Amino acid sequence: MPDKPSDLIQGTLDMLVLKTLTLGPMHGYGVSARIEQVSRGVFHLNAGSLFLAIQRLEADDLIEGEWKPTENNRRARYYALTKKGRKRLDSETREWNRQIAAVARILEAS
Amino acid sequence: MSLLRNIKLGLRTVFRKKRAAQELDEELTAFLEMAAEQKIEQGLSRKEAIRAVRLERGTLGVTKEVVQSTAWESVAGTYWMDVRFGVRMLLKSPGFAAVTVLTLALGIGVNTAVFSAVDTVLLQPLPYSHPEQLMLVSEALPQLGADDMGVAAGEYLDYRDRNRSFSQTAAYQDAGFNLTGAGTPLRVTADSATASLFPLLGVRPILGRTFAEEESVAGADGVAVISHDFWQRQYGGDSGVLGKTIKLDEKPYSIIGVMPASFRFPSDAAPASERVQLWVPLSFPADLIQDRLREFGTNFIGRLKPGFSGVQAAQDIENVAQGFMREHAEVYSGSLLVKPRVFAYAAHSVSKTRPLLLFLMAAVACVLLIACANVGNLLLARASRRSREMSIRAAVGAVRRRLIVQCLIESLLLALLGGMSGILLAGILVAGLRRFGPPNLGRLQDIAVHPHTLVFTLLVCVITSIAFGLIPALRLSQTSPQSCMKESAQPGLSRATQTLQTRLVICEIAIALVLVIGGSVLLKSFIRVLNVPFGFDPNGVIVVRTLFDRPRYPDPAKRAVVQRDLLERLSHLPGIRAVGAASHLPLSDERRIGFRLENAAEDDYHWAENSMLSPGYFQTMGMSFVRGKDFSYADTAGTPPVAVVNEMFAKKFLMGADPIQQRFHWGGRGLFSVIGIVNDVRISALDAEPPPMIYFSMFQIDTGASAGTAFVLRLDRSSEKMEQGIFKEVQETIWTVDKDLPAYNTTTLTALVSDSVAQRRFMTLLMSSFALLALLMAAMGLFSVISYTASERTRELAVRMALGARRGSIYWMILRRGGAMALFGCLAGLAAFSAGSRLLEANLYQVSAFDPATLILAPLLLIGVAFLACYLPARRATQVDPLVSLRYE
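Line order of the protein sequences matches chains A and B.
Residue 92 is where the first sequence ends in this note's numbering, and the numbering goes up by one at each step.
Residue 1111 is where the second sequence ends in this note's numbering, and the numbering goes up by one at each step.
In case anyone wonders, no lab produced these hints; they're calculated from the structure.
Each hint should be verified, as a subset may be incorrect.
[As the list claims (entries may be wrong)] Straight-line Cα separation of at most 27 Å, DSS-like style, residue types lysine-lysine; simulated pairs:
1) K286/B x K1/A
2) K950/B x K780/B
3) K286/B x K50/A
4) K1/A x K261/B
5) K873/B x K851/B
6) K473/B x K961/B
7) K261/B x K50/A
Bear in mind the structure is a predicted one, so any value in this text is a computation, not a measurement.
I would like the entire structure built from these sequences, with the hints used as guidance.
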């Protein structure tokens, strides 16, 4: 099992969850599946980290949760982005890009 | 989610824990099942799929735990669990819990009560505007040994007109009246005051108005302002009271105003029964102004101008006095020089009770210290007992913070319980003080639990609990679990904790010793005071006072007739053995006169106490004649003036020659011959020296003070129990002769004597209680420490006994420890006592603070108590079977 997931910094995971929710309301498993899919298997999330992240985001008013039936008529909690969440995502993304560019510059400088 | 929503949800979770847990469960289960489904799609069996999912994504249980533990509501949940656990642990050791709570309650309750009393009586500001600006001016005649005489009428006017440091001045005089015409005749305490008094004090009446300047003239002064108390009692708070008329000494007064309940000038510090009930205008008769030094006793109060200090005012007043003494040099000559003193009104009204209360405060603070030390000891012992449990918890994975919190929670619970009991106790004690406190502790009725004090003492106790709960917790959480759990290790008490405990106990014993010595010395003083020979026999004597007011008895001859008639009738009442009358009684009244010996210089005056009596008074009081004889009814206004003096007078002024037939001048009424010498009595207080006294016959001498008459009646041995009945009969007799004479302040001589020592009795009682309390608490502290160390050493002692040590030596080992602590404590206590003994000196009577008997007996008592306290643990230690304790861990 790749050990990348445990190295994911807390803030980065939050950002990824927020980004995933921009596509529309999703339940917990859906978010985890999507992240795994888009990252092409680089990131595996365990239930604990994911739900902790969701809890943090909900506590900060960045996402809203609601119980809804799924396609299989099972009850699941669907989360959606709030306006505040959208704004936070934008700023986090900007910051992340800035940091990445800086790291790249340092690495390229010989 | 917003804060409010968060809190709401969290609260909902706390109360519907099950539902919240269920929901989370559902969510996580759904997650896992969806993950499993995906795996099944990828080709695994259901069982394998679930297992794989679990492996990859962490187990459900741990996940739930992780998620839940971070939510605040679960944090609260763990604390609640800790609290419940703490309560259970406390219930398991009821002795420890009860003792700690009791100690805390006593410390908090007693301290709050005493501090509240001190605050109400000493510190609360008087209800006047800017009370710190109010100054009293009173003159002393230093060469005559007279102090606090007030001022004379003419002098007041000079002060008023010529001072430069007061923005307002006022004068007032004590006055008492017979209130008649409204049911039973009453005696009312009153004050006459200049119109400027009420504006000076800055208090407005709640009904009506106060005096106008025009009313301060004789003839127009038939107006009165009544106190709130009087208004309630006489008129039931009727708002139509203005304009009603009352008769004071037969003169009609119209009520023009009612003062608020807090206004008690000038009896701010006096007990309820002595408070002024109404105020009338004061006017100075012209002849009194002219004859400058005829009478003192006018009180002078002034309000300092802003920016002026008391010192400046004193200088200013002194200048004015010098000025008028020069102007009237012919009056102020020889030993008749006045020296005015200026002092703050606020301090003056409590000056008598201040030392007493401060002393009590110091004593009770000591009790608080002991209580805190005890609680500390108890908590330390307890925490050490739990060290093994704590180390196991740490080994299993408890976070350091949680361990500390758990230790703290117990301490906090105890502090809470102790605090609540303390508040309750404080309330009870304060109510008790109000009811049973000495009557001359002014403003006693106002004592209420003072919130600041309560908070302060609560804080002290809570902080102590937390501190002593925290120290061992911190230390415990730092040691590694293994060292605590080792088989052979002695669990618990580290060296440092043990030293701390020992030091605490030594301090407790020291403080207890200080209080015990203080209490014993005070008790000894009190007993000495009670054993002072009064000079009269108070048993079975009742006192009834009345007043022959001037308007109805303008002529002393008429009054004398009524007095003789009353004496005659009273002596024939059943059960009465002897009757007498006096204008001033010992231990309740004081009257001083100035006299000049027959052959002394023109201005060589001296002072003596005075009372005007009927024949037979001395016999009734049980006093005896050293020489000469009593007055007789033959001594009247027409016959040569005679006087009886006491032994002190003879010793001081009549030395040498035969005292009988010596003569002196008084009051311009001629030469008085001494016809008898009687034994000394105490006048102002039991612990004051008997003063020189001059007695006159009330039928021969008439003065301004002759109107008040106190009848003393000595009861037959057989009727001593029937005092109440006798009171009524005496009243009836008086009313038969004159229905408008009030009979008031009926009491017994025994009660008078008892009242005069009421303050001392109160203080001794309190001090002794504190000493006893301190002793008990110190013993308890010693007991708990010794019993704990003894139980810790069970193993060692068992080994010793198995190796052949005798019971006696085990006893001795433990007792030695306790004895050493007691000894050091006593030494420290003696040192502390000698340092603070000065506080005590003022209250002692004929007993030195370093009374040798007490200084030896008290430490012995403490050491004895210490040995007692160590006895039980020592006994328990020796009774353990060595085999059992060696196996027991």
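Checked hints:
For the hint linking K286/B to K1/A, the alpha-carbon distance of about 25 Å falls within 27 Å, and the restraint holds. Between the alpha carbons of K950/B and K780/B the distance comes to roughly 25 Å, so the proposed pair stays at or under 27 Å and holds. For the hint pairing K286/B with K50/A, the CA-to-CA distance comes to about 21 Å; that is within 27 Å, so the pair holds. A C-alpha spacing of about 25 Å is found between K1/A and K261/B, which places the hinted pair at or below 27 Å, so the restraint holds.
Between K873/B and K851/B, the direct Cα distance comes to roughly 18 Å. Compliance with the 27 Å bound is thereby established for this hinted pair. Distance restraint check for K473/B and K961/B: the Cα-Cα separation of roughly 17 Å lies within the 27 Å cut-off, and the hinted pair is therefore satisfied. With a C-alpha separation of about 24 Å, the suggested pairing of K261/B with K50/A holds against the 27 Å cut-off.
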